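**Q** Every position in the sequence shown, counted from 1, becomes a number in the working numbering once 515 is added.
Treat the hints as calculated values from the structure; they're not laboratory data.
Note that the coordinates shown come from a computational prediction; the quantities given were computed from them, not determined experimentally.
Heads up, some of the hints might be wrong.
Heads up, simulated BS3-like pairs for lysine-lysine below, C-alpha to C-alpha not over 30 angstroms straight-line [unchecked claim]:
| id | residue 1 | residue 2 |
| --- | --- | --- |
| 1 | LYS614 | LYS639 |
| 2 | LYS557 | LYS639 |
| 3 | LYS532 | LYS557 |
| 4 | LYS614 | LYS644 |
| 5 | LYS614 | LYS577 |
| 6 | LYS577 | LYS557 |
| 7 | LYS557 | LYS644 |
| 8 | LYS557 | LYS614 |
| 9 | LYS614 | LYS532 |
| 10 | LYS577 | LYS644 |
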Amino acid sequence: MLSLQRHRGHTEVWEIKSGTLTVISDGNRYEIPTGQNITIPKDNIHCMINLRDVPVTVLETKTGFCREADNVRLLDFNNRPIAPLTNQTEALSAILYTKIHEEIRQRFGCAHAPNALLATQEYKQMVMKG
516 MLSLQRHRGH
526 TEVWEIKSGT
536 LTVISDGNRY
546 EIPTGQNITI
556 PKDNIHCMIN
566 LRDVPVTVLE
576 TKTGFCREAD
586 NVRLLDFNNR
596 PIAPLTNQTE
606 ALSAILYTKI
616 HEEIRQRFGC
626 AHAPNALLAT
636 QEYKQMVMKG
């Protein structure tokens, strides 16, 4: 599971060469099988995840302003620094990220638990009210 992030300056296209990639894209979850692709536009809140026991191979093509400084991390599975959540799409994506993080923890185990606040119904209700 990579970080939940967005990019201000570039678009990405992920082509799945093998396996099935789980994707968070603007608060929605997609399962992308071998031979398919998904486009991640600028400012899209996104994450790529492998939830299966087999490797996933992804060919990533970036178009636009492509450098590390363009990455804005909103949540991070590896506890790297993150930016605050500032809108409903980011918050809904963070809720989904937390749910998938818990799936990984239960299935494979990991050193840390997801953010408990983001997993509560109260938080989701607050986000939905705007």
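**Q** Among all the numbered hints in the text so far, which are the ones the structure does not match?
**A** 10
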